[in-house]
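Engineer: Read top to bottom, the protein sequences are chains A and B. Under my numbering, the first residue of the first sequence is numbered 1, with each subsequent residue one higher. Under my numbering, the first residue of the second sequence is numbered 283, with each subsequent residue one higher.
Simulated from the structure, these hints should not be mistaken for laboratory data. Among these hints, one or two may not hold up.
To be verified - Rough simulated footprint, nothing fancy, chain B against chain A, three-plus residues with beta-carbon under 8 Å:
#1 56-62
#2 115-129
#3 165-173
#4 192-205
As the list claims (entries may be wrong) - In silico BS3-like cross-links for lysine-lysine, where the CA-CA straight-line distance does not exceed 30 Å:
#5 B:347 / B:537
#6 B:381 / A:135
#7 B:490 / B:381
#8 A:105 / B:490
#9 A:70 / A:135
#10 B:381 / B:537
To be verified - Here are a few chain B residues that sit away from chain A, every Cβ distance over 10 Å (derived from the structure):
#11 295
#12 330
#13 336
#14 392
#15 412
#16 449
#17 457
#18 469
#19 478
#20 490
#21 512
Everything numeric in this text was worked out from a predicted model, so none of it was measured. The beta carbon of each residue, even a glycine, is placed where N, CA and C say it ideally should be.
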Amino acid sequence: MKRGFLQSRLLTVLFWLAMSVLTLLPVWWMFLVSVRTRADLFGKPSFLLDVSAMTWDNYAAVLANPTFQKYMTNSLIVATSNAVLVSVLALLAAYAMSRFPLAGKDNLFFWVLTNRMAPPAVFLLPLFLMFTGIKLGDWSLFDTRIGLILLYCVFNLPFAFWLLQGIVDAIPRELDEAAYVDGASTFTVLTTVIFPLARPGLAVTGILTWVFAWNEYLFASTLTSVEARTITTGLAEFVTVTGTNWGQLAAVAMLTLAPAALVLALVQRHIVAGLTFGAVKG
Amino acid sequence: MRNTTTGWLLIAPTLFILFVTGMLPFLYVLAVGFFDWNTFAQNPDPQFSGVNNFRALVFDAAFLKSLWLTLKFTLFVLVSQLVIGFFLAKMLLRDMPLKGLFRTIHTLPLMIAPIAVGATWRLMTVPGLGPIPHWMQQWFDVNYILSRFPDQAFATVVVMDIWHWTPLVTLTLMAGLSNLPDEPLEQARIDGASEWRIFWDITLPFLKPVVLTTVFIRLMDALRTVDEVWMLTGGGPGAETRFIGLHIWRVVFPKTDYGYGSAMSLITLYLTIVMCWLLYVAMTGMKEKTR
């Protein structure tokens, strides 16, 4: 069957080249702003990179800034701890859900998932009062990394739970039955049978929950003030505090989106499942 | 051997954390919505006020405006993303070189932090620096200033959201389309059915579950959009892009009107649920008709 021009491969490729340019254009522009000197920023916008006039000063200034270093460290600690915590807890929960006859399982599963769906703005007030109100001496959860690590469970734990549920279900029951017959404890079965077999799934869970935690802004901006601020709140502050330092703003934004862009290739196939709660597999 | 207690012990930490971070806050909002409680007021202690907060909300112009803007925004982005996403899904299913690369590039916006998406678009639209004001001036002779013209601000927020989230719709619809059975399509073509009839009578009914899920997810996400809009317009000019999440935040934090803000949260939550339910009913009803 002969195809017309509209169906041709050439046109399809040209179309996707144009689409890719459209998608990348805003990010490319931001990169250009981040590597240009202040004098080069204004005037007729040019999308070409002038390598000879490129400067890394904005990145150097940002990375040398102690406040920014603190935000970056906080983000790394919070996202990593949360991803690890969530993956471990969700693996245990998924195992329990998959292998034990728990009463009201289906309702429980549904309730866990609903936690992810609620709009976060709705719960800012109670969380704020909880974080500032519950005190151990002078210490409260407000403005602590631990507070954020625990709080991010509210959206990451249901997701990890759902993802690992499918993975644990796919591990043949005979394997852990055999280990139990050999006298293994639940702990041994989890560490020697389930964990090794679930490792690829755990990796995807860990990576996606890490990105979700890294990207979070609303909770972090409301429930921290100085010590535990994350890079996303730092980015937002940059606009209000410095006003017109666009080069540095662009540099911070590039650093904020860099890790997410890096993991893109690793978990591309799972991103859609992650964002639609697995209802659609990409 | 294994017993139920071990099972409950394994799942207990998860349930406990979700109870504290998800359920308790909900119950708290539910209770505070019925109190008059503003820490800046003459009497800063909470006082039971029945449904007064809810009654006041019905006549609160700022709240209603914010709600209306959110709904308008949601409708605009949902429709555009479905249409564009469907077209792109069709295009991405075509046989072509570099398919994987194009798919990866198209997926990129999904992974970017919403706050960074806002920053990106801010740099695109800042007068004097961004290319968009420049192009608007040069090609359309339009004076493009986000912080001055509400329509421009709203349109830009919509375009930003389309850029950010259309890839999700593309990829879900692509997954749905690639699972379409071949036989009915072939048969219809042999029978000489028009492409439009094939789309309406075969593709769409088969695609319905995927479309439903996609709309569902996008609806919930669009209704709670805060970060990127805050970064791009700050809710302005005036309150012209102050969507409901941002509005609640303003009532609760700068104004510390806890009771009123909680009532607002409850209404928002309720409307979100109702809308998802209506959508579900509408979509299942549509299915009956086309069959």
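Engineer: For every hint, state whether the structure bears it out.
Structural biologist: Results of checking the hints against the structure:
By the rule of at least three residues with a Cβ nearer than 8 Å to a Cβ of chain B, the coverage given for the region 56-62 of chain A is violated, with 0 such residues. Only residues whose C-beta sits within less than 8 Å of a C-beta in chain B count toward coverage, and the region 115-129 of chain A has 14 of them, enough to reach three; the restraint holds. Under a criterion of three residues with beta carbons nearer than 8 Å to beta carbons of chain B, the stated coverage of the region 165-173 of chain A fails, only 0 such residues being counted. With 0 residues having a Cβ less than 8 Å from any Cβ of chain B, the region 192-205 of chain A misses the three-residue criterion, and the hint is violated.
In summary, the hint linking residue 347 of chain B to residue 537 of chain B is supported, as the alpha carbons are separated by about 18 Å, within the 30 Å threshold. At roughly 55 Å between alpha-carbon atoms, residue 381 of chain B and residue 135 of chain A are farther apart than 30 Å, so this suggested pair is violated. A distance of roughly 26 Å separates the Cα atoms of residue 490 of chain B and residue 381 of chain B; the hinted pair therefore holds under the 30 Å criterion. Restraint check: the Cα-Cα separation between residue 105 of chain A and residue 490 of chain B comes to about 28 Å, which is no more than 30 Å; the hinted pair holds.
A threshold of 30 Å between alpha carbons decides the hint, and for residue 70 of chain A with residue 135 of chain A the separation of about 25 Å falls inside it, so the pair holds. Distance check on the hinted pair: residue 381 of chain B and residue 537 of chain B sit about 51 Å apart at the alpha-carbon level, beyond 30 Å; violated. With 10 Å as the threshold on Cβ separation, the claim that residue 295 of chain B sits away from chain A is violated: the shortest Cβ distance comes to roughly 5 Å. The Cβ of residue 330 of chain B sits about 17 Å from the closest Cβ of chain A, beyond the 10 Å cut-off, so the non-interface label holds.
Its beta-carbon lying about 15 Å from the closest one in chain A, residue 336 of chain B satisfies the requirement of being farther than 10 Å from that chain. Not every beta carbon of chain A lies more than 10 Å from that of residue 392 of chain B, the smallest distance being close to 6 Å; the non-interface claim is violated. Distance to chain A contradicts residue 412 of chain B as a non-interface residue, since its nearest Cβ pair spans about 7 Å, not more than 10 Å. Against the 10 Å criterion, residue 449 of chain B falls within the reach of chain A, whose nearest CB is about 8 Å from its own CB.
Listed as outside the interface, residue 457 of chain B is inconsistent with that label: its C-beta sits roughly 5 Å from the nearest C-beta of chain A, within the 10 Å cut-off. Remark: the non-interface label on residue 469 of chain B is consistent with the geometry, its nearest Cβ contact in chain A lying 17 Å away (cut-off 10 Å). Residue 478 of chain B, annotated as away from the interface, keeps every beta carbon of chain A farther than 10 Å; the closest lies near 16 Å. Distance check on residue 490 of chain B: its Cβ is at least 13 Å (rounded) from any Cβ of chain A, clearing the 10 Å threshold; non-interface status holds.
A beta-carbon of chain A is positioned within 10 Å of the beta-carbon of residue 512 of chain B; the least distance is around 7 Å.
Consistency note: the structure conflicts with the earlier hints numbered 1, 3, 4, 6, 10, 11, 14, 15, 16, 17 and 21.
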